[in-house]
Amino acid sequence: MTTGKQTDAGAPPEVAWEELVTAALLGEERRPPPGGSATALLDLAAVATVRQRAGLRPAQAGPRPEPAPHDPRGKLPPAAVRRLGQFLSRSSRGGYRAASGAGSHGANRQGPDLGELLPEWLAIANSQGFGAPSALLPQLLDAARARTDLRSEVLTFAGPRAPWLARLNPDWRFALRGGALPRDPRALPDGREPTEEAACPEPAADEQSVRQLWEEGLFAERVSLLTAVRRRDPAAGRELLLTTWSSERAEDRLMFLDSLRRGLSPADEPFLDRALGDRSKNVRATAAELLATLPESALARRMWERASGCVSLGPAGSPADGAAAGGAAADGAAARVAVDPPQECDAAMVRDGVVATPPKGRGKRSWWLVQTVESAPLSRWTAHLGGRSPAEILALPVADDWRDELHAAWAWAAVRQRDTAWAEALLGLPVRPGGEIPGDPARLLAVLPQQDRARWAAGFVAAHGLADAFRVLGTCSVPWPVELAKAVMDALEIAREAGSYPWSFSGVLGLAERSLDPALAEQFVPLATRRGGSEAEDGARPGAAAYWSDAFDRLVLTLRIRATMREELELPGPSPAG
Amino acid sequence: MTGQQVRWTAEQVLALAPDAASRKAGGKLATPGPWSLAAQGEGALWGLCRGSGSKPYQTVVDLVGAGYKCSCPSRKFPCKHALALLLLWAEKDPVVADGAGPESVPDWAEKWLSGRRERAESKTARPAGEAPADPEAARRRAERRAQRITAGAEELEQRLTDLLRTGLAGAEQLGYAEWDETAARMVDAQAPGLATRVRELASIPGSGPGWPGRLLADCALLRLLTQGYLRREELPEELAATVRAQVGLSTDAATLLADDSARLAGDWLVLGQRDSQEGRLTVRRVWLMERGSGRFALVLSFGAAGQAPELVLPVGTVFEASLAYYPGGSPLRAVLGEGRSAPVPASAPEGVGVEAALARYGDALRSDPWIEAWPAVLHDVVPLPPREGAEDGWRLADSASDTAVPLSFPSESARWQLAAISGGTPITVFGECGHGGFLPQTVWSDGEAITL
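Going down the list, the protein sequences come from chains L and X. Take 1 as the starting number for the first sequence in full-length UniProt numbering and just add one per residue. Take 1 as the starting number for the second sequence in full-length UniProt numbering and just add one per residue.
Everything labelled a hint here was simulated from the structure, so no lab data went into it. Values in this document were obtained by computation on a predicted structure and should not be read as measured data. A virtual CB, placed ideally from N, CA and C, is assigned to each residue, including glycine. Treat the hints with care, as some may be off.
[What the hints assert, rightly or not] Examples of chain X residues toward chain L, derived with CB under 10 Å:
| # | residue |
| --- | --- |
| 1 | T31 |
| 2 | G210 |
| 3 | G213 |
| 4 | R223 |
| 5 | Q227 |
| 6 | L230 |
| 7 | R231 |
| 8 | R232 |
| 9 | L332 |
| 10 | V335 |
| 11 | G353 |
| 12 | A359 |
| 13 | I371 |
| 14 | D446 |
[Stated by the list, open to error] Residues on chain L that point at chain X, a partial pick, calculated with CB under 8 Å:
| # | residue |
| --- | --- |
| 15 | G27 |
| 16 | E28 |
| 17 | P32 |
| 18 | G35 |
| 19 | A45 |
| 20 | G62 |
| 21 | L88 |
| 22 | N169 |
| 23 | L242 |
| 24 | T244 |
| 25 | S246 |
| 26 | V350 |
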């Protein structure tokens with residue numbers, strides 16, 4: 001190499017590089033440079049530059065980082081790698097939300113929303129036990145950074161190299177805290193109940209790191225942590241919350257309290273009782289709500305005393321029937337429910353979470369009645385109302401026009417107390433024309449087991465069409481069973497025949513794209529190819545028909561992609577039974 | 001032509017895409033749905049793809065020598081239809097039927113394929129070195145150009161000397177205008193190589209700490225070049241050729257290829273590809289390495305405004321071809337001969353350590369002092385993140401010894417991709433190693449080549 005040698009007679013004298021630079025900065029006019037002239041200076045600099053470049057030596061490397069832990073999981077099949085790359089480049093463009101939202105006209109004209117398929121893809125890849133290709137980790141982490149709903153699945157999929165990388169890039173800090181957070185099992189595909197291992201794929205976080213995250217984490221991280229700990233060990237979750245309870249801000253107390261909903265047990269009662277005396281009204285209300293779902297809690301018992309005093313089996317239309325009131329179900333046809341709402345809202349009721357002042361336009365007594373009934377244990381009504389089942393109780397006439405209020409209160413109670421029997425009975429009520437199911441059907445549905453939800457939703461869609469079906473459908477597990485799929489397909493057909501514009505249904509269509517069994521794709525092909533005839537070609541504003549075939553086209557394409565993506569992830573095909 | 005082709009991988013196909021949009025569009029079309037016909041045979045793929053019009057697009061891919069033809073109006077090359085067809089084939093999608101002999105090739109595909117292959121054969125068969133029409137006129141033109149360049153080189157030298165006379169300190173206030181004018185003068189002098197270097201000089205003043213040193217180095221090397229040109233008669237032939245090329249005098253590719261003795265045949269491994277926008281041209285650089293000798297070659301392909309360059313060689317594949325180097329002290333740039341074989345997947349190349357790569361750059365400089373960097377395949381190297389408290393950035397370290405070079409990256413995402421693929425463990429990387437450190441282009445992960 002050329003460094004440091006200066007034995008050739010013809011070689012120019014060696015001048016330090018810094019000296020040359022100084023001379024060049026000053027210029028020959030101010031000071032004669034080495035070599036005597038500007039050109040000589042340039043020649044010296046050329047030699048020095050080439051010499052320095054040719055003699056470059058590597059620097060000392062110094063200490064190296066610890067390599068990322070080995071990831072023993074299976075290698076993703078090449079086609080799946082490509083698919084993931086496609087999904088990621090789509091979702092990282094950030095437009096995915098806008099395009100998927102309900103009501104955007106342009107959405108039907110575009111291709112499938114690939115970013116929206118990412119959650120399903122990740123869930124399948126994780127359930128198949130594949131590890132992420134390392135080349136895609138940066139894009140995966142960027143996607144998870146932008147979309148918190150993807151984080152737990154991404155972190156599971158990304159494996160041990162994600163936290164390793166996150167230590168180098170502050171943008172991915174969230175991946176470092178992820179160690180204590182098992183992924184959310186609700187994100188599993190097909191609504192399967194997670195096994196214990198699936199729910200906690202991460203090594204159990206040690207107590208100290210949990211404490212540290214709890215004390216130093218961001219709010220969202222703390223909520224996830226509390227939820228996770230609570231799921232693993234309800235008592236430990238409560239204890240964790242208790243360590244900082246008195247110093248939390250009111251809004252935070254409310255959210256934390258809410259995360260106790262899962263795994264609620266009589267053991268939580270003393271804590272919740274204390275929270276009934278909280279400074280914050282909302283915290284008090286939530287504590288009361290939680291206590292009300294514990295049928296044996298003192299609060300639930302007090303509420304029951306009040307509610308059962310207001311609602312009783314009364315004589316039917318004529319006083320002559322009154323004698324039968326105490327009897328069993330045999331008196332059914334003759335009995336009716338008598339309602340005597342509370343006369344006042346005393347301090348004890350307020351402490352138990354009853355809000356004294358009704359919203360505008362609402363009667364005081366009706367307001368107190370509903371709140372009281374909502375918080376009373378549903379399980380006790382059967383004995384109270386002559387041994388009747390929930391359905392029989394709901395079938396009873398209600399005196400003095402209290403029916404709607406009473407049923408609505410029972411509906412909220414069923415949602416809160418997750419009472420399957422009552423939810424089923426309420427959803428089973430015949431829907432009168434123009435009438436409504438008491439409460440919120442989607443929330444009532446969520447109380448039911450999966451197969452019942454789909455069956456009910458199918459009936460609902462068949463009877464009412466898709467206009468109000470979005471949330472109801474959202475409660476059903478993916479993929480939709482045949483019965484439900486068929487109901488939705490029929491309803492879409494009917495809507496198209498009726499000449500409605502498809503974007504009124506873009507929410508349902510988007511949901512269908514992600515929830516229908518991909519094997520159904522081919523059944524939509526005839527719908528997709530039915531073009532709007534000449535109308536679409538003559539350059540005039542295309543009518544609804546053309547939009548519909550576009551919408552079905554997109555549906556077919558998305559279902560096909562989902563079918564392919566499942567194959568690529570080596571997921572066994574759907575069972576023929578459906 | 002052989003009927004059975006070695007299947008490319010989807011990654012190789014995607015690497016052919018002229019841009020990210022085409023890659024996505026091609027991936028989207030790579031489903032059986034839109035294809036009413038798709039078949040392979042005779043070293044080619046053909047298919048009919050539903051488009052927005054009533055008539056489906058006719059897509060043909062020549063797998064031998066990688067050529068594409070599609071009736072769609074896209075100016076991308078290859079277009080999304082060709083990419084999709086290739087993807088379906090690469091993924092062994094059953095929709096791609098096996099053609100039954102030459103008769104099964106539809107007319108529209110056959111016409112283009114045979115025309116293309118005849119052209120390829122006639123080109124290779126063409127007698128060496130067709131003489132220019134009027135040698136005397138060509139000689140006069142060359143002489144006139146040499147005079148213009150000489151005048152330009154003298155003017156540039158004067159300009160540099162003036163700069164050093166008044167001092168570089170004033171260069172910061174000088175602004176682009178004056179440099180632009182000088183660059184334009186060099187274009188007038190028909191010395192585009194000098195013009196490019198002048199424009200680069202203009203961007204140095206005030207470009208961060210140490211700019212006077214960088215400006216001095218570039219000025220000095222530029223004067224070395226003008227001196228080299230003015231005294232080219234005294235230089236050894238190879239160095240004189242280097243100087244001519246650096247000044248911007250090009251050598252005709254056909255003339256190079258015509259000299260059979262100068263052609264180098266071998267198995268060429270595609271190490272990397274990078275497209276850059278230079279004015280209205282898209283310039284594609286493809287780096288190759290001869291498998292037996294480890295010799296590097298750089299092939300350039302140009303695309304006019306809006307069009308992707310035509311040369312398409314998937315990174316990580318190997319093909320048989322002969323090429324001819326442009327003359328020079330450290331020959332690297334080359335032109336590919338016609339009649340190359342279809343590229344097939346190859347394993348990761350052999351590499352060297354950090355120290356050897358720097359030494360090779362030094363060797364290359366000995367016969368061409370203007371080289372900024374030299375290709376290198378580094379193996380068993382680990383990317384190191386910046387040290388805490390130290391001012392340096394990312395480095396690439398030998399896993400065997402305690403040596404490292406600074407890393408620079410073609411993009412921010414490349415930095416993290418390299419880190420992710422390594423995960424702290426040794427990798428094989430191709431890139432350019434020079435006085436500015438190592439610029440990685442391609443990294444091998446599980447035997448697959450990934451372009452950063």
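Hints versus structure:
1. Evaluation of the T31/X hint against chain L yields a held restraint, the C-beta minimum of about 6 Å falling below 10 Å.
2. Annotation: G210/X was flagged as interfacial toward chain L, and the flag holds, the nearest CB pair being 9 Å apart, inside 10 Å.
3. Look at G213/X: its Cβ gets to within about 5 Å of chain L, closer than 10 Å, so that hint holds up.
4. The beta carbon of R223/X comes within 4 Å of a beta carbon in chain L, closer than 10 Å, and the hint placing it at the interface holds.
5. Restraint check, Q227/X versus chain L: the minimum CB separation of about 8 Å is within 10 Å; hint holds.
6. Taking 10 Å as the C-beta contact cut-off toward chain L, the hint placing L230/X at the interface is violated, the least distance being around 12 Å.
7. Hint on R231/X is violated. Least Cβ distance to chain L is approximately 13 Å, over the 10 Å limit.
8. Using the Cβ-Cβ criterion of 10 Å, the hint placing R232/X at the interface with chain L is not satisfied: the shortest such distance is roughly 17 Å.
9. With its C-beta approaching chain L no nearer than about 16 Å, L332/X sits outside the 10 Å limit, and its interface hint is violated.
10. This hint is violated: V335/X has a C-beta 28 Å from the nearest C-beta of chain L, more than the 10 Å allowed.
11. With its C-beta approaching chain L no nearer than about 9 Å, G353/X sits inside the 10 Å limit, and its interface hint holds.
12. About 7 Å separates the beta-carbon of A359/X from the nearest beta-carbon of chain L, less than 10 Å, and the hint is met.
13. For I371/X, the interface hint holds, since its Cβ comes within 10 Å of a Cβ in chain L; the closest pair sits about 9 Å apart.
14. Using the Cβ-Cβ criterion of 10 Å, the hint placing D446/X at the interface with chain L is satisfied: the shortest such distance is roughly 7 Å.
15. Among the interface hints, the one on G27/L holds; its C-beta lies about 3 Å from the nearest C-beta in chain X, closer than the 8 Å criterion.
16. Among the interface hints, the one on E28/L holds; its C-beta lies about 5 Å from the nearest C-beta in chain X, closer than the 8 Å criterion.
17. Among the interface hints, the one on P32/L is violated; its C-beta lies about 11 Å from the nearest C-beta in chain X, farther than the 8 Å criterion.
18. Interface restraint check: G35/L against chain X, minimum CB-CB distance 11 Å, threshold 8 Å, status violated.
19. With its C-beta approaching chain X no nearer than about 4 Å, A45/L sits inside the 8 Å limit, and its interface hint holds.
20. Checking G62/L against chain X: minimum C-beta separation of about 7 Å stays under 8 Å; hint holds.
21. A hinted interface residue such as L88/L counts as satisfied when its beta carbon comes closer than 8 Å to some beta carbon of chain X; here the least separation is about 11 Å, so the hint is violated.
22. The beta carbon of N169/L is positioned within 8 Å of a beta carbon in chain X (closest approach about 6 Å), and the interface hint is therefore held.
23. For L242/L, the interface hint is violated, the least distance from its beta-carbon to any beta-carbon of chain X being 38 Å, above 8 Å.
24. Because the beta carbon of T244/L sits about 32 Å from the nearest beta carbon in chain X, more than 8 Å, this interface hint is broken.
25. Taken as an interface hint, S246/L does not check out: its beta carbon lies about 39 Å from the nearest beta carbon of chain X, beyond 8 Å.
26. Annotation: interface hint on V350/L violated; nearest CB of chain X at approximately 57 Å, more than 8 Å.
In this structure, the earlier hints numbered 6, 7, 8, 9, 10, 17, 18, 21, 23, 24, 25, 26 are contradicted, and the remaining ones agree with it.
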